[in-house]
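**Student:** Below are the chains, spelled out letter by letter.
There are 2 protein chains.
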Amino acid sequence: MTFPVVGMVGGGQLARMTHEAGIPLGIRFKLLSDTPQDSAAQVVGDVVVGDYRDLETLRDFARGCDVITFDHEHVPTEHLRALEADGIPVRPGPDALVHAQDKGVMRARLDAIGVPCPRHRLVADPGDVAAFAAEGGGGFPVVLKTVRGGYDGKGVWVVGSAEEAAEPFKAGVPVLAEEKVDFVRELAANVVRSPHGQAVAYPVVESQQVNGVCDTVIAPAPGLDEELALRAEEMALHIAGELGVVGHLAVELFQTRDGRILVNELAMRPHNSGHWSMDGAITSQFANHVRAVLDLPLGDPRPRAKWTVMVNVLGGDYPDMYSAYLHCMARDPQLKIHMYGKDVKPGRKVGHVNTYGDDLDDVLERARHAAGYLRGTITE
Amino acid sequence: MTFPVVGMVGGGQLARMTHEAGIPLGIRFKLLSDTPQDSAAQVVGDVVVGDYRDLETLRDFARGCDVITFDHEHVPTEHLRALEADGIPVRPGPDALVHAQDKGVMRARLDAIGVPCPRHRLVADPGDVAAFAAEGGGGFPVVLKTVRGGYDGKGVWVVGSAEEAAEPFKAGVPVLAEEKVDFVRELAANVVRSPHGQAVAYPVVESQQVNGVCDTVIAPAPGLDEELALRAEEMALHIAGELGVVGHLAVELFQTRDGRILVNELAMRPHNSGHWSMDGAITSQFANHVRAVLDLPLGDPRPRAKWTVMVNVLGGDYPDMYSAYLHCMARDPQLKIHMYGKDVKPGRKVGHVNTYGDDLDDVLERARHAAGYLRGTITE
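As given, the protein sequences belong to chains A and B, one line each in that order. Take the first sequence: its position 151, counting from 1, is numbered 154 in our numbering, and each next residue is one higher. Take the second sequence: its position 314, counting from 1, is numbered 317 in our numbering, and each next residue is one higher.
The following block holds chain A by itself, in its conformation from the complex:
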C-alpha cells in the first residue's frame, strides 16, 4: 500500500508521540534526529542522524518524504524556503513558521490582524526599556524577551528597573519589551488547520506554570465563561487562517483580571498544552497534526471525559524512575503514563501523566500524586 511518508525534523518527545499517533494511521515516518539516543530516535524505524542547521543534510533527508514537519521551531527560515523551492511541501511553511520563530514578527503581525496582545515594543538598550515602562503608565516590572530562541522560560527576564535590564542585551539579539500582564490565569487555545483550510478547535484549557515551565493542564479550563472560551477559540482559528498555519497551532493566552484575553506565545507544532488530548479527546493533537500536514480530513477534537488533567513529569531525585513508575501503576490502574525515554536530569521534562473522570478534584489529585511520586517530591 503506498501510504505517504512524513519527514519529521527533530527527535524530541513531540516527534516520538507524533510517530505513535502515525502508526495506526498507516503513515510511514522518517526522522531527522541529532543523535540516535534522542527520544523519538529510540522508537522510529527510519532514522537519519544529522544536523538540521545544515541545508544539504536537510535536502538529503527530504528526498523520499512526501511532506516535512517539525518537532521544534529552530530550522532556519531560508533552509525551509530552499526545501520548498526543491518541491518538498513544508508544513507549516516558512511564511507561517516565522511567527513562531520570531516574537517581533509575531507581535507585529498580530497587531496588524487585530489580535489583542500585551503592550510591547522592540527595545535597543536599557534606556529604551525605561522609556517603555514609563509610557504605559504601569512602570516596572517589564518583561524582556529575546525575539528568537527562547522556550520554557529561557530567554525571558522580568526586570524591576533599567539597571536590571542589561542582561538580555548581552547576547546581541533583538529584544522585545512587554508589559507584565496582571493575569488571573493562563489559558491555551489549540487548533489544527489543513492546507485546504479545514480547521478544528480543541476546548480551551487552563495551563499552570511553575518557574516558567508548564506544570499542569486542565481540559477544559474550569469555570471559563462560555463567551470567553468561544472568543479564544475564534481568535486561534483567526490566527491560524491569517498566518496560513498548517498543522497544530497552540495559542498561549493570558486571562486578565479585567476579563480580556491577550496572546502570550504561539507554537506551530504539537504542544505541551495539548498532551491531555492523547487520552482525553476523540482525536489527539498528534493524530490531527499528522492528518493536517498530509491534508487528510481532520478528526473530532472534542473531549471524551468531563475533565482531563495532564501533569508534566520532571526529572528529580531518581536517576531511574522505574520503581516509582511501577508504584504509580499499582496505585492507580486508570493512570495514563507517557514516558519519553530521556535521561533524567533535574527539572527536565521526561514524561507526563494524564488522568480523566467526572470529579475534577479527584482527577487533579491523581495526576499530581503520580507526577510528584515519579519526580520524588512525594514518597508515599
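Keep in mind that the hints were calculated from the coordinates and are not lab data. Just so you know, not all the hints are guaranteed correct.
[Claimed, not checked] Sample of chain B residues facing chain A (criterion: CB under 10 Å; computed from the structure):
id	residue
1	Arg19
2	Val50
3	Met324
4	Cys331
5	Gln337
[Said to hold, decoys possible] Distance windows between CB atoms, simulated:
id	chain 1	residue 1	chain 2	residue 2	range
6	A	Asp54	B	Asp323	31 to 37 Å
7	A	Val8	B	Thr382	26 to 32 Å
8	A	His77	B	Val8	45 to 51 Å
9	A	Thr382	B	Pro322	53 to 59 Å
10	B	Asp89	A	Asp320	33 to 39 Å
11	A	Arg151	B	Asp89	50 to 56 Å
12	B	Ser326	A	Lys173	53 to 59 Å
13	A	Arg263	B	Asp323	47 to 53 Å
14	B	Arg56	A	Asp346	36 to 42 Å
15	B	Asp37	A	Asp114	56 to 62 Å
16	A	Asp114	B	Pro225	54 to 60 Å
17	B	Gly350	A	Gly226	52 to 58 Å
18	B	Asp323	A	Ala127	38 to 44 Å
Quick caveat: nothing in here was measured; it's all calculated off a predicted structure. Idealized CB from N, CA, C, for every residue including glycine.
Since the structure of chain A is provided, determine the placement of chain B on it from the hints.
**Tutor:** Chain B in isolation, oriented as in the chain A frame:
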C-alpha cells in the same frame, strides 16, 4: 533511564500495535521479523531480520532483551525451553504456550481442569471419524482440525461423511475431531495475567466470523446474561491461572442454544477479539500485554464507552486504499482507523476500524460502512 527491553518475535500487526502501546510506557522494543517490510518492522527502531525457527537466530536476538514475547504461536517449544535455559524470561512460557500451539494438548488439559469443551477426540483416519460421529448420537457433520498450525479457518474442515474426511489426514499431522456445536453466537473472554498472578478480565465480547475469519466484534456482547458473562470471565481467569499464562489470553467461546458456553480456541497473545480495546477500554490489550510480560501492575480493562465495535478491514478491490481512507475520515471524524502497512491482497487483514458510542445500531453502521468502503464492497 534504564527501562527494560521487550523482545518481540514476529513482525505482524500484533507486534506493530504492541510497539505502539509500548511507546508511552517508555519500553524499548526489539523485533525479530521475517522481512524488513513486515507490518511491525516498518515502525520499530530496533529490528533484527531472521528466522524464528532457527535457534541460534533466536539466541542472538534474545541477547539484550529483558523478556521475550510473541506476535504468533509458531516458535518451536524446544527453542523456547532453550531460551529459558539460557536465563531469558519467555512470556508466555513454553509450558503455557503449548496449549495454544497444540489443540490436542489444549483439549486434554481443559478436560482435566473441568472446563467445558465441545465433544472431541484425536482421530487417526476416516474410520475413526465415522466412529466419533456415531458415538455422540449427533452423527455428521463433524469438525476436523489439525492439532498444530491452523488459524483464521485454515487447518479446519467441516465434513459431512467419512468419505469427505480424507483431506485433513493428508498432511500427516495429528487430527482432532470435534462435534459441530449448535451455537447461537461466538463470544470471546479476554484476560491478562502477570507472572506474580495479578489478572484482569475485559468485558466478554461477541465475535462474528465470516468464512472462518473474524469480521466484527461488539464490546460488550449485546444482551449477554450477566451470570453467563461472569461465568465466561471466571472460566478465562481459571484457564489463565491453571495453565500459567503470562500476558494476554483470548478464550474463544461458543454460546450454545441450550445456554452453555464451550471453549472453541485459546490464543496466548493480543488477539483480534481485543482490538476494540485500543479505543474502547481504559487500558488496551496491547498495553496490558506489555505490562504483564514485564510483571508491571496491570491497567484497568473496563470500557470507556457504552458500546465499542471493531470491524476488520480485509483486502479487496483497491490495491491502494488511500483515497478510500481519506473518504472514510471525511465521512466520520470520530472513526478510529488502524492500518497495518500491509500490501493489499484479497481477503487479507490489512487493518481494522473502531467506533464507539451510546447507540449500538449507529456504532455498528459506522464501523461496517468504513470497513466496507475501505474494502471496496461499499462505494457510496
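**Student:** Give me the numbers of the hints this structure contradicts, sorted from smallest to largest.
**Tutor:** 8, 18
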